[in-house]
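Chains as they are written, first to last, in numbering that gives the first Met the number 0: chain A, 0 to 435; chain B, 0 to 301.
Since the hints were made in silico from the structure, they are not lab data.
Every value quoted in this text rests on a predicted model; they were computed, and no experiment measured them.
Here a beta-carbon is modelled for each residue, glycine too, at the ideal position from N, C-alpha and C.
Hints are supplied without guarantee of correctness; some may be wrong.
Covered by chain B, per the in silico footprint, the following chain A stretches (three or more residues, Cβ under 8 angstroms) [unchecked claim]: (1) 151-164; (2) 356-364.
List time: in silico SDA-like cross-link candidates among lysine to any residue, alpha-carbon distance up to 25 angstroms [unchecked claim]: (3) K356(A) - G88(B); (4) K356(A) - K62(B); (5) K356(A) - S171(B).
Only part of the chain A face toward chain B is listed, based on derived beta-carbon distances under 10 angstroms [to be verified]: (6) E139; (7) Y147; (8) D353; (9) E409.
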Amino acid sequence: MTVIEDPARSALRSYVRPSTTPAKLRLLLVGLVVLCLAWGGVAAWIVNQRASGANDVASTSETLSLDGQKIYRALSDADATADSTFLSGGLAPINGPPRYQTDIAQAAAHLESATAAAGHSAAAANLATLSAGLPVYTGEVQTARADYRLGLPLGAAYLREASALMRGKLLPAARNISAQANVQLAGASGRATGLPLALVLLVAAVIVGFALYRAQRWLYQRTRRRLNPGLVVASVAGVISVLWLVIALGVARADLLQAGAHGSTPVAALAQADTAALQARADESLTLIDAQGDDNFQQDFVAVQHRLGPGPGTLLTNAITAARGSPGAGPAAAAASAAATWYSVHREVRFLDDNGKHTQAILLVTRPGPGHSGTLFTRLDGSLTSAIAADQIVFRRHAVAGSDAFTGLEVGVIVLALIMAAGCARGLITRLAEYR
Amino acid sequence: MLLVLAAMTAWAVPGSAAVTAPSAHRLAAPAAAHQATPACDPTASSLRPTGPPQVTPGSFMAKIRARGYLIAGVSQSTYPFGFFNPLDGSTEGFDIDMVHAIAKAIFGNPNKIEFKAISDDQRIPEVQSGGVDIVAHTMTILCKRLRYVDFSSVYFDAGAQVLVLKNSRAKSLADLGGKKVCATAGSDSIAHIKAAPSHPIPVVVTNFTDCLVLLQQGDVAAISTDNAILAGLATQDPWTEIVGPVFTSEPYGLAISKQHPDFVRFVNAVLQQMRTDGQWAADYRHWVGTPVPAPPRAQYKA
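Bound-form chain A, shown alone (with noise of 0.2 angstroms):
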């Protein structure tokens, strides 16, 4: 700190050259206004820097990376949906296309709010995929269903190249969208919450109260009067402004680091675990479905559970870490649990299908009862979501609260040190007009 009293008292010095009273006082006038104007463009602009910031963390990243999971969940959905409908066979199952409908429907309307949150971030590419890759997906599934309706095999194969491309380009695009808005939350609770600002502004906080100290004590030892108004008032404003600035920042970052640790670091260690069982449920689907001989789609479902978990170094271990302490820490808990009955099931759904009991490993996977591997899948979707909903209100109620932390401070600061620099104008103006 001395390092950095040194110039500052230097620079007063030089300053204060001249040599006789008034000419000394007209010049401190000067540097004190220019100083409390400096002080209150210097706050204003970090207090933007951090509200923006945080107005980002609460509104756009979030946005989009809840939009992006969405995305995915919803055409991963249709996905299933519309190759199950042609599993069971017979008319289509009564809740068959109206969920895939439904499906399509939310995708699309969260994909416009995403395009809308993205603007020209790095998942804009992404959106654009998926805005231009859904119409020829749906456009493939009409095709399926109208042979379909005409009993046509050919409806297989269009599902099928439907499918290929919901999984080869359209699911992975959502996938982006999340992990790159996680980035953009990252990068924006960062400059919420960063020190380095903080550390600039106490800086110019010191400076200035120094200023303002030494101007009143030179005045004091000048003039032998105890109290200069002007100046009395000017380092109230300063005090009152410093102070609004510790607590608005300090309650801030305790809030938006709590809406990290115990909401989106969990919500998105959470959204990938759902998303990886996601594809999982669709793998073991397709592999009933798909029925080519090629276990592709088993191959990437066991892939995928050595990446789901539980287990250690696994998406949804490191799921159940990053939600302790938060509401969403049971339903984690459970749905680890859930997964590893689903596995079971899916063992015993690939060991029918292996010994040629294809009927019944069908029923086991569409058919909902008791035990049956879509029950057990819906018991761990349905864990990772109330655990994602529960952490996202945490989330949501941090971030919220820390963003609020910055209403009216801007413009407080701006006030305050408008105030600052009307009363050191005014406390030395008074002591001037005793020279005429």
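Chain A is fixed; fit chain B onto it per the hints.
Same frame as chain A, but now just chain B:
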């Protein structure tokens, strides 16, 4: 995407060998000369039945009966031979009816079957590994395949042709030089496309219906495979037609593991029964249509 990848894989392995190698395995004599096996006649390579179909104790048929169902490797996308009927979720077709007849001979019930849908290139591995008891999957009896699996007697005579859109000017593979022509991985057809002197570009997919998707979307100029399969595709798209001469002979057989010669003889007995009692003709009329030819004559090596 999958299809495009498959197509790219096909280009990445250009048929330099296939271009020079003759597509001779279709013709019995050159194929025999080409391979180490002494004399090989695909149409007379099976085992003679010992009488009417009978489940003898200790036979492979007895094992199947004890299990309670026959496991058959079939196609679910090759109309009208083996395909998934979306209306009732069942698997149907001419190949499938062959399997029903075998199940009926074993169990007295034609429906005691578990169908396992497999792709063309899975047919031999599935038979060899015992994953299926029998493959009924528009499978041509080839000398090179006889080295790995046994076949029943011929139950259908097909031959390769070309399917194009009705507005296409191409009339055969000769007109398709430099154009993309589609067939499935593991099928004999892809070798014929590679071997064609006009050098069409082979595009490899999983099922022949995938080929039709590509043809409809304008991604390939033609499909080349057995006329029986092409006719099934043409049924699904009236804007396509089969053109040109039949340029190969494709005798279909049911594939069975070499470990079960008793089952081969049993299946041949069933087929023989079907030829004589009119069941074969009835199935042909139902799936392929009229006129119904005489059933392929059964010839045996032993």
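Q. Where does the structure disagree with the numbered hints, that is, which hint numbers, in rising order?
A. Numbers 5 and 9 - these are the hints that the structure violates, sorted from lowest upward.
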